[in-house]
Each structure stands twice: as structure tokens, then as C-alpha cells.
Amino acid sequence: MNSGQLLLIAILLSSFIPGIIIFCLPEEKHRLRTILNLCGSLVKISLVLLMNAGIYYGHVFEIRIPLIPGVELLLNGDPLSALFATLSSVLWLLTTIYAVGYLEGSPNRSHFFGYFSLCVTVTIGIALAGNLVTFLLFYEMLTLATYPLVIHRGTEKSLRAGRNYLIYAFSGGAVFLVAVVWLQAVVGPMDFSAAGFSPSYIESHGSVLALIFVLLIIGVGVKAALVPLHGWLPQAMVAPAPVSALLHAVAVVKAGAFGIIRIVLDVYGAHNLLLLGVLPLLAAVATFTILYGSVRALQQDDLKRRLAFSTVSQVSYIALGMSMVDQPLAVIGALVHLVHQGLMKITLFFCAGNLAETLGIHRISEMRGVARRMPLTMAAFSIAALGMIGIPPTVGFVSKWYLGLGGLAGGNWWLLVVLVVSSLLNAWYFLPILIRAWFGKQQGPWPEEQYVGRFETRLMLLGPPVITALIVLVAGLVANAQISPLAWVRFIVRGYSL
Amino acid sequence: MFQADTPAWIIAPVVLPLIAGLFCFLFKRRIFIIALAAALANFFVACFLIYQFLVFGSMRCYIGGWQPPLGITLRADGPALLMLLMTAVTGLAVTLYARGYFSCRIADSERAGRHQRQQRYFWPLWMLLLAGLNGLFLSGDIFNLYVTLELVAISAASLAALSGKPASQRASFRYLLISLLGSLTYLLGVVFLYRTCGVLDLDLLRNLSGNGAGVRAALALLTVGLLLKTALVPLHFWLPPAHANALAPVSVILSALVVKGSFYLLFRFWFELFSPIVTQAGLNFMGALGAVAIIWGAVQAIRQQRLKLMVAYSTVSQLGYLFVAFPLSRAVEGAQVWSIVIFIALTHACAKSAMFMVAGSIYLHLGHDRIRDLAGVRASLPVTVFAYGIAGVSLMGLPPSGAFIAKWMLLSSSLVSGQWWWALVIVAGSLLAMVYVFRVMSRFFVIPEGEPLKKPAALSPLLEWPALILALISLSLGLLAPWILHILSQGTVGLVRVFPGGLS
Chain A
1 MNSGQLLLIA ILLSSFIPGI IIFCLPEEKH RLRTILNLCG SLVKISLVLL
51 MNAGIYYGHV FEIRIPLIPG VELLLNGDPL SALFATLSSV LWLLTTIYAV
101 GYLEGSPNRS HFFGYFSLCV TVTIGIALAG NLVTFLLFYE MLTLATYPLV
151 IHRGTEKSLR AGRNYLIYAF SGGAVFLVAV VWLQAVVGPM DFSAAGFSPS
201 YIESHGSVLA LIFVLLIIGV GVKAALVPLH GWLPQAMVAP APVSALLHAV
251 AVVKAGAFGI IRIVLDVYGA HNLLLLGVLP LLAAVATFTI LYGSVRALQQ
301 DDLKRRLAFS TVSQVSYIAL GMSMVDQPLA VIGALVHLVH QGLMKITLFF
351 CAGNLAETLG IHRISEMRGV ARRMPLTMAA FSIAALGMIG IPPTVGFVSK
401 WYLGLGGLAG GNWWLLVVLV VSSLLNAWYF LPILIRAWFG KQQGPWPEEQ
451 YVGRFETRLM LLGPPVITAL IVLVAGLVAN AQISPLAWVR FIVRGYSL
Chain B
499 MFQADTPAWI IAPVVLPLIA GLFCFLFKRR IFIIALAAAL ANFFVACFLI
549 YQFLVFGSMR CYIGGWQPPL GITLRADGPA LLMLLMTAVT GLAVTLYARG
599 YFSCRIADSE RAGRHQRQQR YFWPLWMLLL AGLNGLFLSG DIFNLYVTLE
649 LVAISAASLA ALSGKPASQR ASFRYLLISL LGSLTYLLGV VFLYRTCGVL
699 DLDLLRNLSG NGAGVRAALA LLTVGLLLKT ALVPLHFWLP PAHANALAPV
749 SVILSALVVK GSFYLLFRFW FELFSPIVTQ AGLNFMGALG AVAIIWGAVQ
799 AIRQQRLKLM VAYSTVSQLG YLFVAFPLSR AVEGAQVWSI VIFIALTHAC
849 AKSAMFMVAG SIYLHLGHDR IRDLAGVRAS LPVTVFAYGI AGVSLMGLPP
899 SGAFIAKWML LSSSLVSGQW WWALVIVAGS LLAMVYVFRV MSRFFVIPEG
949 EPLKKPAALS PLLEWPALIL ALISLSLGLL APWILHILSQ GTVGLVRVFP
999 GGLS
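Chains as they are written, first to last, in this note's numbering: chain A, 1 to 498; chain B, 499 to 1002.
For reference, chain A alone in the conformation it holds in the complex (with noise of 0.2 Å):
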């Protein structure tokens, strides 16, 4: 065992070990679950970080545990498990501070934070994983850390919510299982890889390989909410605002999109897709959930559910930028709106579950001069927003520029039109809420306030909205820089002959 291994294993455990020592905690314990929790987190951080270098200067982190022949387990650690696993860890950090503020004195606390750990660990597994049985094996073990947390209120609402996730999340691994089974019978083993599968197979089993790719879309587009495999999504936001966050932003739809982006450049590989001509079937699935999902998120008065379908149509930029995988400067706009859309709306969830904990306004009516009440916590609401419209310098619109470029480059000018339909109807159900918001006039008293203190709302909820939301601003503005997370894209897009 090297020292990369261990790494990789020290990653895993690092949030796993937590996890794993905070379910047999007392409830009452919750200061040594917060330290636990912190330093858990921290060392993740400083653990991805350590391999993000190993990795930008060509050490190899591998980890194989072979099951039957033919079936192994593989971590690996490649520039765009980095880019994920990076993207997850750091908003973990910030996802529990906020919990930890969000769910003081309510009951259940360790459970919850003991499923949040794991639910982390599964997620940096997708992100490691290298070959697609081991991304199956931490896909459906996500559906299972998640699961508790979307129903951890308990009520019959929520109990109907997680069942529609588990009936979609399982059809959808059971799909992705008989894909991935049917693909190794096909091809035969294979581990992710810049080449993909060998093209020859495409002359003998050109159709079944296609039929085989919409499988895999399907079983992953279940979680990438892509239409009409989306109907948990809304319901799911049922769930405390820390866990819409995590399956926003940070775990789920992420690990959806990632599987889209691992399936298209990794497992089929862009020359194989151009041959199997199935690329314009994912660019018009992607370019109807933009827009539906804009639509659907234009109708709704509860803020949460706006979100939802707002996450809905943002996710698939990534699809859509994937689809467009012979244009490098495209998939740079998809892989780096993977980062820069979880940056926006793990922001605007967390001012929404500021709102409501703070004031008790679920409602897009109810938030009539509200920035009056809370103005740093609508100013990182307002940054995210014009960031999803794709308003320099935020990073939305690096992602925008990026995947509009890659369009024109290949002469796609249709693209071009449905990115403008789209950031226009972003502005269309994001602007009216950021106008009533700071000039609309308060009417009556707040739904349901609470008293908090010296802040607008309590510390630990303010902090991570606001960075977040800084750090929309700053990758935005540095985004030529040498660190940023579209420099890292560039290196990750370097290592593909695109």
C-alpha cells in the first residue's frame, strides 16, 4: 500500500470515521458532534487539496479490490474526480456550519448529522470512483445516506416526498445497473478512460451501444433531475433547508451531472459518440429541460420549489455542454458550470432557509421589503441570482460565456438561442424577487419572527451564505487567474485530445 492509496483511504474515512462515531453519540452531546463534524471537514479539505496537487503533477492514486473476474472496485484519483471531489468537500464544510445553526434544539440531531457524514463520504466516492461498478456501487449508496435526510421530519408529507425519491432514485440505479452489466458483456471490462471503448465495437454493435448509452443517460439523468425523470426534485423540498443544499448543490444532482460527464468523456469518449450519432438525442433532451424547467420555475410562489426548478434547468447546462463534447471550450463550460452552479445554489438556498428560519416567509409575496430586515442575507441571495442570469463578473457568466463559445465554434448558432431564452427567463422569475425584496415595502408583520440577536439572523447561518456568495464574486473575477476553478477545468480538458 502506498502513500497515494492511503490517501485516498484517509479521505474516505475522514468524513466516514465521523460519521460512523456520531451516530452512537448521546443526542445531547452536541458541542463534541460540532467539533467532530468541523474536523472532519477540515481534514477532508486539506486531504482533497493534498491530492488535487499529487494530481496536477502526475503522481497516480489507485486503489483496486478485484470482486469476480471481470468486476472490480477502482478509485482513482484524475483531474475531474479532483475538480468534484474538491467542489464537495468545501461546501460540506460550509453545508455543516450551516446545519449546525439551522438544527439547534430540534430533535434527531445525531441521526441527521451522522447520515450527513456518510452522505458526503458516498459523494467523494462518485467522485474517486474509476470504472462505472464502482461509481454504481456509491450512486446507490447515496440514495441510501440521502433517504433519512429527506425525510427527517418525519411528517407524512415528508414520508411521501422520500418515497418518490427512493421509487426514482432505485428505477433509476436499476436501469443503470442493467446498462453497465450489458455494456462489460459488450465491450468487456473497462476502467474510465480519455479513449473510451475501442471503435471497433461500434462497427459490430453500433445500435446496442446506443441503446446502451440512453440507459446510462436514463439512470443517471434520474438524478441530474434531467426531464421528465425530475418529479422528486420539487417534492423533495419538503426536507430542512442544510439537506436541499446538499442535494442541490453538493451530493445528488451533482453526482447525477458527473455521471452524464464520466459516461460521456470517459466511458464512450467523444469520437465513439460522434460515430453512434446520439449526441443531438442528449442536446435536445438537455435544451427542453432548460427551458421547461425555467417555465415550470417561473409559475411557482413558494420560493423553495422556484429554486428547485430553477436547479432543474441550470443542471443541464452541464448536459448540454456535454453534448457538444467535440467542442473543447463547450465541455470547459459544462465541467466549470459543475462547480460554478453548485457555488450559486447552495447560496440561494441558504438565504431561503434563512428566511424562513429567520422570518418564517416560504413565500415569494411574503418577502415585500425583506432586504431591509436582512440585507446581508439578501445581498448573497441577489449576488447568486445575477449570477444564474449569467451577469458579469459573477461566475454564472463565465459558464455562459464558455458554453456560448463552444456552440459558435462549432457552428451550433442554435445554442446561442437557447441560452438567451434561458438567462432571459432566469431574469424573468429572479428578477421580480430581488425587486420586491429591496423596494418593495413591508406589509404587516413577518410571518413568524424569531429573535436572534445582535445579527440579522444567527451567526452560523449568516457566515455561509456570504462566503459563498463571495466566492461566486472572486472566481468570477479571477477567473483567468492560476488557481480558479476554470483554470483547473482547462488542465482537466488538456488531458482529453478533444
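Keep in mind that the hints are not guaranteed to be accurate.
Claimed, not checked - With beta-carbon atoms standing in for the labels, derived distance ranges:
| no. | chain 1 | residue 1 | chain 2 | residue 2 | range |
| --- | --- | --- | --- | --- | --- |
| 1 | A | THR155 | B | LYS663 | 43 to 53 Å |
| 2 | A | GLU203 | B | GLY555 | 46 to 56 Å |
| 3 | A | ARG490 | B | LEU922 | 39 to 49 Å |
| 4 | B | VAL513 | A | MET1 | 57 to 67 Å |
| 5 | A | GLY105 | B | PRO732 | 52 to 62 Å |
| 6 | A | LEU49 | B | GLN778 | 53 to 63 Å |
| 7 | A | PRO228 | B | LYS663 | 29 to 39 Å |
Claimed, not checked - Listing some non-contacts, in silico: residues in chain B with all C-beta distances to chain A over 10 Å:
| no. | residue |
| --- | --- |
| 8 | ILE531 |
| 9 | LEU534 |
| 10 | ALA610 |
| 11 | SER661 |
| 12 | ARG668 |
| 13 | ASP699 |
| 14 | ALA715 |
| 15 | LEU787 |
| 16 | ARG876 |
| 17 | MET894 |
| 18 | SER958 |
| 19 | LEU960 |
| 20 | LEU977 |
As the list claims (entries may be wrong) - Output of the computed footprint for chain A on chain B, the stretches with three or more beta carbons under 8 Å from beta carbons of chain A:
| no. | segment |
| --- | --- |
| 21 | 903-916 |
| 22 | 920-934 |
| 23 | 937-947 |
| 24 | 978-988 |
Rather than coming from a laboratory, the hints here were simulated on the basis of the structure.
Ideal Cβ placement from N, Cα and C applies to all residues, glycine included.
For chain A, the structure is supplied; the task is to place chain B on it using the hints.
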């Protein structure tokens, strides 16, 4: 005389529990210690036999030195030893669990006398059953197999009757009759075979079985007899009431071990003894019954209102997977059926034991097992609920459980051979399993409104931890896969060649 390579060690798993059962019957006190010692010894002997097998190869012991066709033969090969180990591990856990179970019930002063009586009968019968099962896995002679089958049937039916409630009396009586009918049919098959071939030893039979009408009739009779005992749909009707109405440790034994015994024989007959005369149509027929069992059992499990009945119907469903392996056995070069059924059997034995233990603990804790009213159990029995979840995940065949490995092999062989309908059944079965597992799971997570009237007493760790440990074993079996395949590929079996994928 007992060296490391002495074949006589094979006798120990049969004789030890038999002696322990006798002592349990004779002594009035410290029965548990005797049983525990026997279960532990059984476990260590099973481990030792596997070690011996890996080092010295397949073992064969002629008791009293009488060679076949006269003497009693015991022999150990890979599948037999894995089944033996499965029985030993589950048996050890059940022994501990039963101790906790009876202590808990005797502590209830109202019916202490009755429970004490139940416990007195439980230990000797359980030891007898253990001896029978071990003998069944190890016997190398088709008539001795009949004897062990009878031993298992009679002790299992008496165990099922222990609870003493009218429903359980009826169910166990029916169980006894069905078991005896199965044994008699089996005996008739043995008679046919003996009439045609003139020997009873399995190895000698393998050389003799030709395509005669007598042999085919024998196969049909043996199959029907064993199917009755294995409870394959449509012969499953006796199983859910018998398993659900028994005492919790008994349900564990019946569901995890006893049905596996008869299946193991059936499988041996179909794929070793009679493999020359088995047709693809016959295999397809068994597979079709298995597919019906998977779907029907799962649908029934979803409809149940009581936890124990739900778990019992889930057994009906899971047994179906064992039979779906039949038609796929010839699908790809180098049949991998032994490894498939062994993985299913091992996972199911551990996971289902854990589930019945959980159901029993919850019954003791709440005084009922109505699925509707399980709210709040998570807070009071976290370990048990966790065990339930993990066992459920294994039953659904999610990675890295052993059932996942089996499912992978089944799916892969059905897709490669173009028999995609089996793949559909397997996937549908695991989705239905998800529904029945999580229908119960979600009730655990409901936070009950208001304070409970009286806080139920905490359960002894003997009731909670064996379940969790078995559940964890069933989940991690997939990671042990290379080791299990190694055992299966040793020695005489010769059936294991896993298809790694890749059409060229």
C-alpha cells in the same frame, strides 16, 4: 488419530450437535452453555474443515471403514463447506439471539412458566436440527440424505409448534404433513433409483445414470419432494404461516437454513447427478416457476400488514432467484451456477436471519408487529433499525452485498445469451423488494406525536447485536467474493468459470 489431514474431522459437525442435543435433553440446568459450546465448536470445526479443504483438497470419510456401496459416506467439497459455514455462522448468531429472546420472555412474570418450558424444548430440538442440516450438506449417499431430511423435517416442525398458539399449531401441523409428504416422495424417488441402478452412493450413481425411464421418474419424484420442502411457488402455501407464527429464533432457523437444505440437494441432483438427462425445457420450467415466485412473493410481501408475514413472503420471493439461475446455467460457456446460487443462499441466510431477528425484537419491544404502528422505533431501538436497513439493502441486491454479485452474474449471462426476459424479472424483483423493505423502513422514521404512554424497556444486547452483525456480513459478502470463488473453484466441482465479459 486426528491429524490435520484426517478425513474423520468431517464427522464432527454431525456428531457434536447430536451429543449436545442429547445433553440438552438430559440436563435440566445450564442448557444454554451446552448449546453455545456446541454452536461455537461447530463454527470452529467448519472453519477448520475449510482450511483442510484448501490445503489437502476434497475430503471423503467412510464411517467404520465400510466402503460404498455398503457404508455411510461423508464427503466435503466447496459448496458443501460453504453451506456448512453459513449454517455455523447463522447458527451461532441464532443461539445467542435465542438466549436473549428467552431471557426477555421469562422476565415477563405472567407467563414465565410457559416460556421456561418452551426454552427447555427449544435447545435439544435446535441441536438436533443442526446435526440434521450438517449431515445433509455432508452426506454422500442418497439414502442417508433421506434420513437427514427426515431429521430436519421432524425437528423443524416441532420447533415451529413451540409457540403453542392455535395459529402456530395449525401452521406447524400443516408444515409437518407437507414435510413428510415431501420426504415420502423423495423416498419413492430413491426407491426408483435403487431399482434401476442398484447403488445409493452419489459418486457411483453419477457413473450409472443413463437415460432410462426409471431414472427420469426418479428425477421427477426427487424434484417434487424437494420442491415441496423448498416452498417454490406454487408449493409455497405452507411457508408464510409456518414461518410467521413461530417463535422468533425458530423463524430465523426455518427461513435462513431449513429451506436452503432442501434446495441444496435439489441443486446437486439437477446439476451433478442428473445433469446428463436434464433438458433445457426442464431448466426453463424451473426458471419460470422461480420468476413467478420472485414477483408473486414480492407482491404478497408488499400487501402484508404484519412485519413477520412480510419477511416470510420475502423469503418466498428470494427463493425464486435461486431457481432463475437454472435456465441461465447453460447460457454461457463454463456455467457459473454454483457461484450464483451460493452467493444468493449465503446473502439470503444472513440477511433474512437478521430481518427475522429484528422482527422478533420489535415484537418483544412493542408487543405487536403491525407495520402501521411502528412509529418511533428508530429512537428506542437504533441498532435494530440499522440492522433492518442493512439487511434490507442486501435483500435488494445493492452493491456490495453478495446478492449483488449474484445479480450481476445472472444479468450478465441473461444479456449475453439474449434471454433478456430473465433480466427484466430480476430487475423488477429488486425494485419490488425496495418497495417492501422501505414501506417498513419509512414507518420507523415517523416521529410519533405526543409522548408514549409507557416507555418500553430497552432490549438486551443479545437481541440487537447478532442481527446487526449478520446484516453487516451479508452486506460485505460481495467484498469476500474472491475468497468464496476460490473455495468454489477448488477440488471436484469444476463448474465455476466466471464470464468476465467482452464479445470478441
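Structure-based check of all given hints:
The hint said 43 to 53 Å for the Cβ distance between THR155 of chain A and LYS663 of chain B, and at roughly 37 Å that hint is violated. Under the hint 46 to 56 Å, the C-beta atoms of GLU203 of chain A and GLY555 of chain B, about 47 Å apart, fit the expected range. For ARG490 of chain A paired with LEU922 of chain B, a C-beta distance near 45 Å keeps the hint of 39 to 49 Å intact. At roughly 44 Å, the beta-carbon separation of VAL513 of chain B and MET1 of chain A lies outside the given 57 to 67 Å, and the hint is violated.
Distance hint check for GLY105 of chain A and PRO732 of chain B: the Cβ-Cβ separation is about 56 Å, which falls inside the suggested range of 52 to 62 Å. Here the CB-CB span from LEU49 of chain A to GLN778 of chain B is close to 59 Å, well matched to the stated 53 to 63 Å. The hint said 29 to 39 Å for the Cβ distance between PRO228 of chain A and LYS663 of chain B, and at roughly 51 Å that hint is violated. Distance check for ILE531 of chain B against chain A: the nearest CB is about 31 Å away, which clears 10 Å, and the non-interface claim stands.
No Cβ of chain A comes within 10 Å of the Cβ of LEU534 of chain B; the nearest lies about 27 Å off, and the non-interface call holds. Once the 10 Å rule is applied to beta carbons, ALA610 of chain B is consistent with being away from chain A; the minimum gap is 33 Å. Every beta carbon of chain A lies more than 10 Å from that of SER661 of chain B, the smallest distance being close to 33 Å; the non-interface claim holds. Distance check for ARG668 of chain B against chain A: the nearest CB is about 36 Å away, which clears 10 Å, and the non-interface claim stands.
With 10 Å as the threshold on Cβ separation, the claim that ASP699 of chain B sits away from chain A holds: the shortest Cβ distance comes to roughly 33 Å. Against the 10 Å criterion, ALA715 of chain B stays outside the reach of chain A, whose nearest CB is about 38 Å from its own CB. Listed as a non-interface residue, LEU787 of chain B keeps its Cβ farther than 10 Å from every Cβ of chain A; the least gap is roughly 23 Å. Annotated as non-interface, ARG876 of chain B brings its C-beta within 10 Å of a C-beta of chain A; the closest such distance is 8 Å.
The claim that MET894 of chain B is not at the interface with chain A is violated, since a C-beta of that chain comes within 10 Å of its own (minimum 8 Å). No beta-carbon of chain A comes within 10 Å of the beta-carbon of SER958 of chain B; the shortest separation is about 18 Å. Chain A leaves LEU960 of chain B outside its interface by the beta-carbon criterion, the shortest separation being 19 Å against a cut-off of 10 Å. Its beta-carbon lying about 7 Å from the closest one in chain A, LEU977 of chain B breaks the requirement of being farther than 10 Å from that chain.
Counting residues of the segment 903-916 of chain B whose beta-carbon sits less than 8 Å from any beta-carbon of chain A gives 8, enough to reach three: the coverage restraint holds. Requiring three or more residues with a Cβ within less than 8 Å of a Cβ of chain A, the coverage given for the segment 920-934 of chain B holds, as 6 such residues are present. Counting residues of the segment 937-947 of chain B whose CB lies closer than 8 Å to any CB of chain A gives 4, so the stated coverage by that chain holds, three being the minimum. With a threshold of 8 Å between beta carbons, the proposed coverage of the segment 978-988 of chain B by chain A holds, since 3 of its residues qualify and at least three are required.
The structure fails to meet hints 1, 4, 7, 16, 17 and 20 from the earlier list, while all remaining hints are met.
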